[in-house]
Amino acid sequence: MHPGEPVIQVDRLKRYYRVHHRRPGMWGALVSFFHREYTYVRAVDDISFSLEAGEIVGFLGPNGAGKTTTLKVLSGLLYPTAGRVSVLGFEPFRREKDFLKQITLVMGQKNQLIWDLPAADTFLLNKEIYEIPDDEYRATLAELDELLELGPLMTKQVRKLSLGERMKCELAAALLHRPRVLFLDEPTIGLDVTMQAKIREFIAEYNRRHGATILLTSHYMADVTALCERVIIIHHGRLIYDGPLQTLAERTAPYKVLTITFRSPVPREVLQNLGHVVQYEALRVTLHVPREETAKRAAQLLAQAQVEDVTIEDPPIEEVIATIFREKEAG
Amino acid sequence: MMRLWRKLAAILVVYWARALEYRIVILIWILATTVPLVMMGVWMQLASTGDIGGYSRGDFIAYYMANLLLLHLVSTWHGPELSRHIRQGELNPLLLKPFHPLWIYALRPLPTKPLRLPIFLPPIILVAWLVPGVHYDLRPITWLALGIAMAVAYAITFLAQTALALLAFWMAQAEPLIVLWFHLRMLFSGYLVPIALFPESVTRLLFWLPFRYTLSLPLEIITGKLPQGEWLPALGMGLAWVAFFYGVTWLLWRAGVRAYTAVGA
Numbered sequence: 001m002h003p004g005e006p007v008i009q010v011d012r013l014k015r016y017y018r019v020h021h022r023r024p025g026m027w028g029a030l031v032s033f034f035h036r037e038y039t040y041v042r043a044v045d046d047i048s049f050s051l052e053a054g055e056i057v058g059f060l061g062p063n064g065a066g067k068t069t070t071l072k073v074l075s076g077l078l079y080p081t082a083g084r085v086s087v088l089g090f091e092p093f094r095r096e097k098d099f100l101k102q103i104t105l106v107m108g109q110k111n112q113l114i115w116d117l118p119a120a121d122t123f124l125l126n127k128e129i130y131e132i133p134d135d136e137y138r139a140t141l142a143e144l145d146e147l148l149e150l151g152p153l154m155t156k157q158v159r160k161l162s163l164g165e166r167m168k169c170e171l172a173a174a175l176l177h178r179p180r181v182l183f184l185d186e187p188t189i190g191l192d193v194t195m196q197a198k199i200r201e202f203i204a205e206y207n208r209r210h211g212a213t214i215l216l217t218s219h220y221m222a223d224v225t226a227l228c229e230r231v232i233i234i235h236h237g238r239l240i241y242d243g244p245l246q247t248l249a250e251r252t253a254p255y256k257v258l259t260i261t262f263r264s265p266v267p268r269e270v271l272q273n274l275g276h277v278v279q280y281e282a283l284r285v286t287l288h289v290p291r292e293e294t295a296k297r298a299a300q301l302l303a304q305a306q307v308e309d310v311t312i313e314d315p316p317i318e319e320v321i322a323t324i325f326r327e328k329e330a331g
Numbered sequence: 001m002m003r004l005w006r007k008l009a010a011i012l013v014v015y016w017a018r019a020l021e022y023r024i025v026i027l028i029w030i031l032a033t034t035v036p037l038v039m040m041g042v043w044m045q046l047a048s049t050g051d052i053g054g055y056s057r058g059d060f061i062a063y064y065m066a067n068l069l070l071l072h073l074v075s076t077w078h079g080p081e082l083s084r085h086i087r088q089g090e091l092n093p094l095l096l097k098p099f100h101p102l103w104i105y106a107l108r109p110l111p112t113k114p115l116r117l118p119i120f121l122p123p124i125i126l127v128a129w130l131v132p133g134v135h136y137d138l139r140p141i142t143w144l145a146l147g148i149a150m151a152v153a154y155a156i157t158f159l160a161q162t163a164l165a166l167l168a169f170w171m172a173q174a175e176p177l178i179v180l181w182f183h184l185r186m187l188f189s190g191y192l193v194p195i196a197l198f199p200e201s202v203t204r205l206l207f208w209l210p211f212r213y214t215l216s217l218p219l220e221i222i223t224g225k226l227p228q229g230e231w232l233p234a235l236g237m238g239l240a241w242v243a244f245f246y247g248v249t250w251l252l253w254r255a256g257v258r259a260y261t262a263v264g265a
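Which chain is which? The protein sequence lines are L and R, in order.
Going left to right, the first sequence walks through residues 1 to 331 as the numbering used here numbers them.
Going left to right, the second sequence walks through residues 1 to 265 as the numbering used here numbers them.
Read the hints as simulated data drawn from the structure, not as lab findings.
We treat Cβ as the ideally placed atom computed from N, Cα and C, and that holds for glycine.
It cannot be assumed that every hint is accurate.
[Unchecked claim] Below, computed lysine-lysine pairings styled on DSS-like, alpha-carbon distance capped at 30 Å:
| # | chain 1 | residue 1 | chain 2 | residue 2 |
| --- | --- | --- | --- | --- |
| 1 | L | Lys101 | L | Lys14 |
| 2 | L | Lys198 | L | Lys296 |
| 3 | R | Lys113 | R | Lys225 |
| 4 | R | Lys113 | L | Lys156 |
| 5 | L | Lys328 | L | Lys198 |
| 6 | R | Lys113 | L | Lys160 |
[Said to hold, decoys possible] Pulled a few chain L residues facing chain R out of the computed Cβ check, cut under 8 Å:
| # | residue |
| --- | --- |
| 7 | Lys72 |
| 8 | Ser75 |
| 9 | Lys97 |
| 10 | Gln112 |
| 11 | Leu117 |
| 12 | Leu124 |
| 13 | Leu125 |
| 14 | Ile129 |
| 15 | Tyr130 |
| 16 | Glu131 |
| 17 | Ile240 |
| 18 | Arg251 |
| 19 | Tyr255 |
Hey, can you work out the whole structure from these sequences and the hints?
Spelled out as structure tokens, the structure:
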């Protein structure tokens, strides 16, 4: 890898799958036996982006958007249909040893831990497979133990661990070789709120300590807002946004959210002249107002009604992204 | 090289620990494999009036008792699992490691092998000691030839099953092919019937096919049924089959990982 070169470089990546279709029922099965129908699914369709060293980037999109496929191409599991991919100066699909020693892919629902043994056994196996020297292994394990509070979990059979405990051990197994690039696919899926927060803190701390580059997919926006300054959004395999999380709302949601508490009730008709009424209770109202007219409408409101409190915010990020997907679906 | 040995040793240690987790299952599985005992009973009865195809009653006992242990030592049944791992994307974690995944499949069954010895070896020794006419060739040179023949047998069994399982990169169901291989092996490897008892044309044909080298050859060597002068050509043919299946496996793997769809989350 040349100095100054991005750690991850994706250039016009395409990955198509051939999918077999058949009608349900016995007749469908019989027809399919003699005549197979296939279509091509464009899981990833001509996307380009790059990540610099030490960045944590959120990779977002609805189910089936192509996020996991992209991560699998980047980690070398899948061969690209077209386009160029480079990670740390390597072509991932070649799966060279020096490349695999510097990356990791953590999938929330698939695991590498040996189910019937304590996680410590998988750690020892990884130590040899990744050729980690004894001193470095001890130091890394101690650090992971400190950050993830592994303690007694390491000596318990993996199948006896709770989902959250298992995820902690999965992360430890995936990071023992101190990878420089982390691909995290839904690392907090299915975990309770406390455990989600712990995993998030851990990821942030790992990034701070080791300067690792992290590409993360998650359906939990709390993961993304806590960890990522930049997000890449894909939909139907195509890239639709790549930029700061903060400006996503400005660029894509044409409104701001006014939450107002009144001293006395205000008729709905009055509020409808100021903006779109989203929530209307006796003294508390939520309005969507055009972004460029926010100041003007807020001033009108203050002049027309007795206001006790008012807040002006960007719409929640979940809502912004949901709006983007809805618009894309509608064409 | 040292690093490779350390890795192989680590895999063996971990899967030894895993094998011990399944102690009851292993015992049941071992004891369930009683077909050679049934066959032994049948042939003992038939040979009570005289030799059959050069096998005396004692030869049949020696053959099937050794068969009971050797089959366990040289066999693997990883094919269906590998094929399922390919189809369901469970190969992913192994593909991400800087180590060839097939090493794991090749080494995983080995730690359970020594667990067979305390179960099968005492009865074999006891029968050889107590029953007249039961002989084994126990010269040092035979042990060497037996060791090579067993390694060849395991290698062919492993590689042939692997090659068939790798078809799962393209096919929805590779298991039926593995089952077909299994049945052909059971029939022509000497598991059910010593291959010397087949018609001569079949026995001659079996010299050129892989099945004999997956079980019969080590049995023929340890029971002294194969003259020493014929060891080398037989081992040579076995090694040729190892090379063949290695080549096929290598080609299928290379093409297969390109076609891999890594399904699942």
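Hint by hint, which ones does the structure fall short of? As far as the earlier hints go, 2, 5, 17, 18 and 19 are violated by this structure, in ascending order.
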